[in-house]
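Place chain B on chain A using the hints.
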Amino acid sequence: MLSAEAEKIMAAARPHGWVLEPEALRLLETAGVPVPRFAWARSKAIALEAAAGIGYPVVAKVVSPQIMHKSDVEGVQPGIADGESLAQVYERFSRLPGFEGTVVAEMLSGHELIVGAKVDFQFGPVILLGVGGTAVEIYKDTTTRMAPLQASDVPSMLGCLKGSRLFTGHRGAAAVNLAQLTDMALRFSDLVMALGDRIDSIDLNPVFCSQERCVVADARIVLAR
Amino acid sequence: MAVAGVSLANERHPANVIYNKIHLRYPVKVYPVNPKGGVFKRDRVYRGVDEIPGTVDLAVIAVRAELVPETLMQCIRKGAGGAVIISGGFAESGRADLQERITAMAREADFPFIGPNCLGIYSPGHFDTFFLPGERLVRPNPGNVGFVSQSGGVLVDQMVKFTEQGLGLSLAVSIGNKALIREIDLLRHLAADPDTRVIAFYVEGFGRNEGRAFVEQAAAIRKPVVVLKAGKTAEGSRAVGSHTASLAGDYQVFSDVLAQHGIVEARNEFELTCFCESLSHYPRGIDGNVGIVTVSGGHGALACDICADLGLQVPRLSEAVTEEIRTSLSANIRDIASLENPVDLTGSAVDDDFVAALSALSRTPEVDSVLLLLLPYSPGISSDLGARLSYVHQQNGKPLVAYVPHVEKYRILIEGFELNNVPVASSIDGAAFMVEAMRRCRPC
Chain A
1 MLSAEAEKIM
11 AAARPHGWVL
21 EPEALRLLET
31 AGVPVPRFAW
41 ARSKAIALEA
51 AAGIGYPVVA
61 KVVSPQIMHK
71 SDVEGVQPGI
81 ADGESLAQVY
91 ERFSRLPGFE
101 GTVVAEMLSG
111 HELIVGAKVD
121 FQFGPVILLG
131 VGGTAVEIYK
141 DTTTRMAPLQ
151 ASDVPSMLGC
161 LKGSRLFTGH
171 RGAAAVNLAQ
181 LTDMALRFSD
191 LVMALGDRID
201 SIDLNPVFCS
211 QERCVVADAR
221 IVLAR
Chain B
1001 MAVAGVSLAN
1011 ERHPANVIYN
1021 KIHLRYPVKV
1031 YPVNPKGGVF
1041 KRDRVYRGVD
1051 EIPGTVDLAV
1061 IAVRAELVPE
1071 TLMQCIRKGA
1081 GGAVIISGGF
1091 AESGRADLQE
1101 RITAMAREAD
1111 FPFIGPNCLG
1121 IYSPGHFDTF
1131 FLPGERLVRP
1141 NPGNVGFVSQ
1151 SGGVLVDQMV
1161 KFTEQGLGLS
1171 LAVSIGNKAL
1181 IREIDLLRHL
1191 AADPDTRVIA
1201 FYVEGFGRNE
1211 GRAFVEQAAA
1221 IRKPVVVLKA
1231 GKTAEGSRAV
1241 GSHTASLAGD
1251 YQVFSDVLAQ
1261 HGIVEARNEF
1271 ELTCFCESLS
1281 HYPRGIDGNV
1291 GIVTVSGGHG
1301 ALACDICADL
1311 GLQVPRLSEA
1321 VTEEIRTSLS
1331 ANIRDIASLE
1341 NPVDLTGSAV
1351 DDDFVAALSA
1361 LSRTPEVDSV
1371 LLLLLPYSPG
1381 ISSDLGARLS
1391 YVHQQNGKPL
1401 VAYVPHVEKY
1411 RILIEGFELN
1421 NVPVASSIDG
1431 AAFMVEAMRR
1441 CRPC
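Here the protein sequences line up with chains A and B, keeping their order. Going by the working numbering, the letters in the first sequence line up with residues 1 to 225, in that order. Going by the working numbering, the letters in the second sequence line up with residues 1001 to 1444, in that order.
Among the hints, erroneous ones may be present.
Okay, the calculated beta carbon distance ranges per label pair [claimed, not checked]: (1) A:170 x B:1139: 49 to 57 Å; (2) B:1267 x A:170: 26 to 34 Å; (3) A:152 x B:1409: 44 to 52 Å; (4) B:1397 x A:140: 34 to 42 Å; (5) A:152 x B:1397: 21 to 29 Å; (6) B:1267 x A:5: 42 to 50 Å; (7) B:1208 x A:194: 15 to 23 Å; (8) B:1195 x A:194: 43 to 51 Å; (9) B:1334 x A:179: 50 to 58 Å; (10) B:1267 x A:152: 21 to 29 Å; (11) A:194 x B:1138: 47 to 55 Å; (12) B:1352 x A:152: 41 to 49 Å; (13) A:196 x B:1318: 50 to 58 Å; (14) A:162 x B:1442: 13 to 21 Å.
The set of hints was computed from the structure by calculation and includes no laboratory data. Everything numeric in this text was worked out from a predicted model, so none of it was measured. Note that the Cβ used here is the ideal one computed from N, Cα and C, for glycine as well.
Bound conformation, chain A alone (with noise of 0.2 Å):
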């Protein structure tokens, strides 16, 4: 069951296809799955303001519901470290086509994970886990399991990557924290059957998971047609 929240957010989505990045982390807020402290201003000031409440240095990200993949149009800016490059920032955003405001979100850290959901048509709602960030089709390097997922079955995702040894302490590098990753990833799960068929696919890319938490930094919720 989806909160009364969640339904508006879905009924306002409706007419662009797809749910606006703030909106999106605001749905998984609904279902308790992590997302950074973030704002959506559509003003300068609110951006400002916003950005001193959260603490520099901070990313923005473009609003637009013409642009589904941000950083292809130079529509994401992370490491702003002031006032005046955020004003600056919010400027060249403003000219980009659709332009609807500006996220601005809190620094995230850690190894960069996908989690993602798809209506199978065989198999119905799928849960996938893999190496995230932004060259997620060049390695490829995911696996799918049927939702819901069992608590068991995210360690057992993780050691099926074959860059799984990056999530488990490679090198002196921190591991990720698998009872957070796991607590994030079967909310999310939760929320993927709650949606049912009303969803083609979900990308929550990157997910930032360090030895602390998983926070989804950027999600995109992609309806069926």
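This is chain B only, laid out in the frame that chain A set:
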């Protein structure tokens, strides 16, 4: 059994081929059916299935598509046990409406049928409904593999492969358009069939959400399920914009979801044959730590490479185990054999050396399976070795697979294994796949 569609004029009509083989070669009473009536091979031809005086357990329907509904109705009126509809001309050629009509009729009457557009059932020793002349078929012996195929051609060809490998069938079914009886129904049937130990499928695709029901059912039964899937490359990466839709293509999801449920995916017909053979002996999953026994260093090295490619481990044996083997070896090989794994007994090994190596490997928890590369041209090997090693294997049941070259003069060795329940492959790859089958049986 009733065969509807027998022709009085065309001896090569599919119905005639089926009538002839049942009539001549199976312990079954068969009734020819043709609306024109008459006499065929000194047997009365019935005008309808419902005119047959005796019980009809199965009706084979091989009439033109537009006559199928009427024939099906006769079967229902007669109270026949079920039907196999051989006839084509339904959903596969644009007549989905006709297919829906017969399916609705059967549902309404709770009447089961296989097909249409299929070869139907092959039940070794009992009957078959294949419209292929008996002399053209390669017929596997009765055995314990149940095989269900969407394609009749793949089924018949796989029967050749199974026979070559000495693998027997409990039941084979070509389900064609699977209008009524589908994979999941036969999965349930074969799960309950005491003669079936392994259930294999050739699948082209499932209907909407049908795959979900199938894997849940397969995971719930205790018999190994093997699936060969066609259409791996027809990627469902539609341009919808999300990475997940493109990365989780139709085949990738299929493959991952099978593994999640401990269903063994065979990637080709060779794997399918090896997997069925292996799992009919060893139906439980293993981690895949293999002990290899060989008389040739080269064979040991090749087997290691194949195992590594598959993701099987060939762990180095502890000194305790190698010493246990060494002290039991013949004096002339004790100092030249290399025992770390692969256990290379050298070309001077005799039967007792194999028994010593296999006994130690069967007992140690360092390996969970043993792959034996047996090259009978090695002079110390006697024809008793297959049976002797099988007895060692039976002591504690650790899975043992053997490679023995499949030529006639080694048959006594091969049968020594096979008749004692140890599978024998005809190649090193085949033997490694037999071990891999058990590993894939474990949910990933």
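Verification of the hints:
The supplied range of 49 to 57 Å is met by residue 170 of chain A and residue 1139 of chain B, whose beta-carbon atoms lie about 55 Å from each other. Take residue 1267 of chain B and residue 170 of chain A: their Cβ atoms lie about 30 Å apart, and the range 26 to 34 Å holds. Range check, residue 152 of chain A to residue 1409 of chain B: about 51 Å between beta-carbon atoms, so the 44 to 52 Å window is met. Between residue 1397 of chain B and residue 140 of chain A the C-beta distance comes to about 40 Å, which sits within the given range of 34 to 42 Å.
The given range of 21 to 29 Å is respected by residue 152 of chain A and residue 1397 of chain B, whose C-beta atoms sit roughly 27 Å from each other. About 46 Å separates the C-beta atoms of residue 1267 of chain B and residue 5 of chain A, a value consistent with the hinted range of 42 to 50 Å. Between residue 1208 of chain B and residue 194 of chain A, the C-beta spacing of about 20 Å keeps the proposed range 15 to 23 Å intact. Taking the beta carbon of each, residue 1195 of chain B and residue 194 of chain A are about 44 Å apart, inside 43 to 51 Å as hinted.
A hinted range of 50 to 58 Å holds for the C-beta pair residue 1334 of chain B and residue 179 of chain A, which are about 53 Å apart. For the pair residue 1267 of chain B and residue 152 of chain A, the supplied restraint of 21 to 29 Å holds, since their beta-carbon distance comes to about 26 Å. Residue 194 of chain A and residue 1138 of chain B have their C-beta atoms about 52 Å apart, which keeps the hinted 47 to 55 Å range intact. At about 46 Å, the CB distance of residue 1352 of chain B to residue 152 of chain A agrees with the hint of 41 to 49 Å.
The hinted range of 50 to 58 Å is satisfied by residue 196 of chain A and residue 1318 of chain B, whose Cβ atoms lie roughly 53 Å apart. The beta-carbon spacing between residue 162 of chain A and residue 1442 of chain B, approximately 19 Å, falls within the hinted interval of 13 to 21 Å.
This entry satisfies every hint, going by the numbered hints stated previously.
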